[in-house]
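Protein chains: 2
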Amino acid sequence: MKVIYLGLIGFGTIGSGVVKLLQEEKENLARKLGFELRLKKIADIDLGRPRPVSVPQDILCQDAMMIVNDPEIDIVIELMGGYEPARSIVKAALRNKKHVVTANKALLAEYGDEIWHIANEEGCELGFEASVGGTIPIIKTVRESLIANDISHLMAIMNGTTNYILSQMTDERKEFDQVLKEAQKLGFAEADPSFDIDGKDTAHKLAIVLGLAYGGSVKTMDFYCEGIREISHQDIEFALELGYRIKLLAIAFKRGSRIEARIHPTMIPSDHLLASVNSNYNAFYLVGSASGPIFLFGQGAGMMPTASAVLGDVVDIAKKLKGEGGKRVGLRDPEVHVLRPLDLVPFDEICTNYYFRFMAVDRAGVLSKISGILGNHNISIASVIQKGRKKDGAVPIVMVTHEARERDVQDALEKIEQLDVVHERVKVIRIEDERLK
Amino acid sequence: MKVIYLGLIGFGTIGSGVVKLLQEEKENLARKLGFELRLKKIADIDLGRPRPVSVPQDILCQDAMMIVNDPEIDIVIELMGGYEPARSIVKAALRNKKHVVTANKALLAEYGDEIWHIANEEGCELGFEASVGGTIPIIKTVRESLIANDISHLMAIMNGTTNYILSQMTDERKEFDQVLKEAQKLGFAEADPSFDIDGKDTAHKLAIVLGLAYGGSVKTMDFYCEGIREISHQDIEFALELGYRIKLLAIAFKRGSRIEARIHPTMIPSDHLLASVNSNYNAFYLVGSASGPIFLFGQGAGMMPTASAVLGDVVDIAKKLKGEGGKRVGLRDPEVHVLRPLDLVPFDEICTNYYFRFMAVDRAGVLSKISGILGNHNISIASVIQKGRKKDGAVPIVMVTHEARERDVQDALEKIEQLDVVHERVKVIRIEDERLK
Chain A
1 MKVIYLGLIG
11 FGTIGSGVVK
21 LLQEEKENLA
31 RKLGFELRLK
41 KIADIDLGRP
51 RPVSVPQDIL
61 CQDAMMIVND
71 PEIDIVIELM
81 GGYEPARSIV
91 KAALRNKKHV
101 VTANKALLAE
111 YGDEIWHIAN
121 EEGCELGFEA
131 SVGGTIPIIK
141 TVRESLIAND
151 ISHLMAIMNG
161 TTNYILSQMT
171 DERKEFDQVL
181 KEAQKLGFAE
191 ADPSFDIDGK
201 DTAHKLAIVL
211 GLAYGGSVKT
221 MDFYCEGIRE
231 ISHQDIEFAL
241 ELGYRIKLLA
251 IAFKRGSRIE
261 ARIHPTMIPS
271 DHLLASVNSN
281 YNAFYLVGSA
291 SGPIFLFGQG
301 AGMMPTASAV
311 LGDVVDIAKK
321 LKGEGGKRVG
331 LRDPEVHVLR
341 PLDLVPFDEI
351 CTNYYFRFMA
361 VDRAGVLSKI
371 SGILGNHNIS
381 IASVIQKGRK
391 KDGAVPIVMV
401 THEARERDVQ
411 DALEKIEQLD
421 VVHERVKVIR
431 IEDERLK
Chain B
1 MKVIYLGLIG
11 FGTIGSGVVK
21 LLQEEKENLA
31 RKLGFELRLK
41 KIADIDLGRP
51 RPVSVPQDIL
61 CQDAMMIVND
71 PEIDIVIELM
81 GGYEPARSIV
91 KAALRNKKHV
101 VTANKALLAE
111 YGDEIWHIAN
121 EEGCELGFEA
131 SVGGTIPIIK
141 TVRESLIAND
151 ISHLMAIMNG
161 TTNYILSQMT
171 DERKEFDQVL
181 KEAQKLGFAE
191 ADPSFDIDGK
201 DTAHKLAIVL
211 GLAYGGSVKT
221 MDFYCEGIRE
231 ISHQDIEFAL
241 ELGYRIKLLA
251 IAFKRGSRIE
261 ARIHPTMIPS
271 DHLLASVNSN
281 YNAFYLVGSA
291 SGPIFLFGQG
301 AGMMPTASAV
311 LGDVVDIAKK
321 LKGEGGKRVG
331 LRDPEVHVLR
341 PLDLVPFDEI
351 CTNYYFRFMA
361 VDRAGVLSKI
371 SGILGNHNIS
381 IASVIQKGRK
391 KDGAVPIVMV
401 THEARERDVQ
411 DALEKIEQLD
421 VVHERVKVIR
431 IEDERLK
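Protein chains in written order, with our numbering: chain A, 1 to 437; chain B, 1 to 437.
It is possible that part of the hints are untrue.
For identical chains, the list gives no copy identity; a pair is met inside one copy or between any two copies.
Cut-off 25 Å, straight-line C-alpha distance, at most; resulting in silico cross-link-like pairs (DSS-like, lysine-lysine) [what the hints assert, rightly or not]:
(1) Lys322 - Lys181
(2) Lys174 - Lys427
(3) Lys185 - Lys40
(4) Lys437 - Lys219
(5) Lys40 - Lys97
(6) Lys174 - Lys219
(7) Lys200 - Lys387
Hint data in this document are derived by calculation from the structure and do not stem from the laboratory. These numbers come from a predicted model, not from an experiment.
Chain A on its own, in the form it takes in the complex (with noise of 0.2 Å):
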């Protein structure tokens, strides 16, 4: 099997991410893309410090130099943060004709120009779709998906942090200085957390942006920027009075042939989807001409959410390097020419929740004929609603239970059905609740 050769530079939190999903998928990614990745070298100036994935100490060096000049390797992955020696690195990988993968979004807004200019000279790809919205496709989309769309608009909450600042203020009904003690605490916002609730990273994943929808140099001095520090409960509370929730927002829009851009704490429509975006979330609301609206939702970072982003880039790249006769994605096992049928479970051994609505009549011990048959076949209740008193005639019984199996939920309602104080099938209805949460 051929081998594509990845090196590491940074070997922080989401590179531990990335070393833990190469090992985990490595089989996985092997059948599906018909190659191997393999991790050659990890370069980190710290190698004493613990981690959560280990790896074989011959793989370790503290010299990037070491990944740039190493002729085997394809693609580096580059994951230090900040300006400098990440954009020497990069430039120097670059000039090496290496393909570089990297989630380093200030690099990006401040020195993207420089560095997309390299790439091109030297026929290199250049994948940051970690850099923004951690694991939500938001570049993909933009720049492949749309690519035959003016995006007119983006609305977008680009920094988890502010995010759940203003989810708990809102929730939680409590003082801005309050949760942001909380979150530090809980680890979802920094000791300096200035760069987060200043806006400052959010103006960095708006400025990469901005260049790929509109195809152009921006800086991120260049367009208004307002944090979310001045932000009152009693703000919040007027604005939900008011029909809005407030979100630090990211909004780009086309005004003729120009670009209106700006990040500020918002209010938006509370039954706006981008309203009901809580926690640490990221999500971009985007409106293409051709494709109309379009929102994606996911985790803005974090260790396994970035980790699946920056593969998702070196896959893409390595399929390339590898020719694949133009074929673009490991969309079935190459290798393998009769696709075996997928393993179904059959549908009476499903388990989920059920909702049941009977048409009873309304008279004493109905309800314990219809539970005890339920109980009987291992169907416990969770909730009833009866309502409704009449003399003649069928009153509706609602229960919805807790999960159940399909086999025995056709066999208790087979028995029901047989009862004469009830009338009318049985409506069932299943109901997803655990698995959405």
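We have chain A already, so just place chain B on it with the hints.
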């Protein structure tokens, strides 16, 4: 400039959308890509019917084989729909080493294995983003962005017609039959609606996504599929009372080594993102092993949204055909090496709605003073909240404005802050409302 030749088979609604988008975005696409996409031939059996776009007569033909056998055509776009002759034509195109882009979910759900097998043998690409979720990049997300993930769950609203009907039944408190009739009048439901409302359309789409996410072969008759005919308004009311909404969901997840897959009306918690997908929109909620939850939302059908997805696939394939030194994308104009700065609107020229909170003494004439100054600066008030009565000290006066200009707002607030009845700085929060609709 190099040219990639396209052939279009099927000149109906979506086909017209593709032609329109190719015409409108001709220059933009050429600039982004560095090559031209040229529609060389269009085949349709009915060349006479009126269409919303005009094309040169000499590119029209009635025989799809003229496209399949044209040696110059690189990419065939199949938008006929249905099983035959689409199946034979797609197979013939692949055998002639043409890449194929299709929106034909029925064909892929029923004959996908056969078609993918031929595409693999011939080293051809098969693009089918438009077949599931319309403009939503679900295919790309599953097979590219989440390649390093196991998809642990998928819950999706894949059919716009049924979602429209259920939304109307919920919001307008109407019964199924009435809403269906209205939907048919509005063009949201077919004259023969069974394909949508009995879940068959959803089943085709789920079969495609299952094959993609879990890498195997599956037929629509292998999993349970129940439509929405039996949903009554009474059950929707009980669902709301229990904290749920009813949606037609396609559900899939891993249970050990097996896959559980099913389609049925499902109660989901009212505060879940999927519950807020109204009208004819589609949405996908998926959980990747590394990514965590991802939610994607957009138009699942329609002329331009579907055309946008078709062209996304066409461009992906075309870029690979052109080689482009491994470069993925028209991130920036490929010919331009010094990027022009984006032309940004200065912040004091932005126009939006505003929330103001004034802290003012509770005295007659204060409101008139404030609103007078606002009026003098062309700022008109949409709503006011004034509460609480205090003998001494300041009370909040909250105002929401109609659209106003930032510079006018700053000028007005400077004057208002000089009033001796106004204490503290005025709190300003900008509102986005109209642009989110």
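Please work out whether the CA atoms of Lys322 and Lys181 approach to 25 Å or closer within one copy, between two copies, in both situations, or in neither? neither (49 Å within a copy, 54 Å between copies)
Between Lys174 and Lys427, at a C-alpha cutoff of 25 Å, which is it: within one copy, between copies, both, or neither? Between. Shortest inter-copy distance 18 Å satisfies the 25 Å Cα cut-off; intra-copy 44 Å does not.
Intra/inter-copy verdict for Lys200 and Lys387 if alpha-carbon distance must be at most 25 Å: Intra 56 Å, inter 36 Å, cutoff 25 Å: neither.
What label fits Lys174 with Lys219 when the C-alpha limit is 25 Å: within, between, both, or neither? Neither: 35 Å inside a copy, 52 Å across copies.
At most 25 Å between C-alpha atoms: does Lys185 with Lys40 qualify within a copy, between copies, both, or neither? Neither: 37 Å inside a chain and 63 Å across chains, both beyond 25 Å.
Indicate which option fits the pair Lys40, Lys97 if close means a Cα-Cα distance not exceeding 25 Å: within, between, both or neither. For Lys40 and Lys97, the Cα distance is within 25 Å only inside one copy (17 Å; across copies 37 Å).
Checking Lys437 and Lys219: alpha-carbon separation at most 25 Å within a copy, between copies, both or neither? neither (39 Å within a copy, 29 Å between copies)
Consistency note: the structure conflicts with the earlier hints numbered 1, 3, 4, 6 and 7.
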